[in-house]
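Just so you know, we're using numbering that gives the first Met the number 0 here: the sequence shown kicks off at 0 and counts up by one.
Hints were generated in silico from the structure; no laboratory data involved. Where a beta carbon is used, it is the ideal one built from N, C-alpha and C, also for glycine. Accuracy of the hints is not assured; some may be wrong.
[What the hints assert, rightly or not] Cβ pair distances, simulated, as ranges:
{"hint": "1", "residue 1": "H47", "residue 2": "V124", "range": "15 to 23 Å"}
{"hint": "2", "residue 1": "L115", "residue 2": "R81", "range": "35 to 43 Å"}
{"hint": "3", "residue 1": "G78", "residue 2": "P8", "range": "47 to 55 Å"}
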Amino acid sequence: MFWRGVVGPVALLLCAYLAYESGPVVAARDGDGRSGVWTADAVVCTHHGCAQAGDFLSADRTDHRAGVRLAGIGFVPAGGARAAVDSGGDEVYPPGWSGWWHYPVGAALVGVVVALWLWTFPVRVLLRRRAR
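Full structure from sequences and hints, please.
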């Protein structure tokens, strides 16, 4: 009962989260979002490592986001500016960027397969063992 009642639903929720998180990445790959400029501001370090944060300002000046990262670009000197697209995620992306969008999408698809397997196979094995 543990596999069907807990592990399967948790795995499916994780897959739904991965699919949700991949939305902005796929949108950036397709060129959807607001064009603008990302300006390097500071380097932010956590226990996961260091990342460069900056400010994004859309071309029409209606969308201003502070403290966002620019994905797929190496270090940019403080005050340096790069063209970017904001598709609504935690990061902004270079125009035409096709970076690592396939990783979260692939992880979500593999997760669905694993969740379905966890939800069916172990339950069948347990039922066969009980029937003996």
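Do the hints match the structure? See the list:
1. H47 / V124: 15 to 23 Å: 38 Å Cβ-Cβ, so the 15 to 23 Å window is violated.
2. L115 / R81: 35 to 43 Å: holds (42 Å)
3. G78 / P8: 47 to 55 Å: holds (48 Å)
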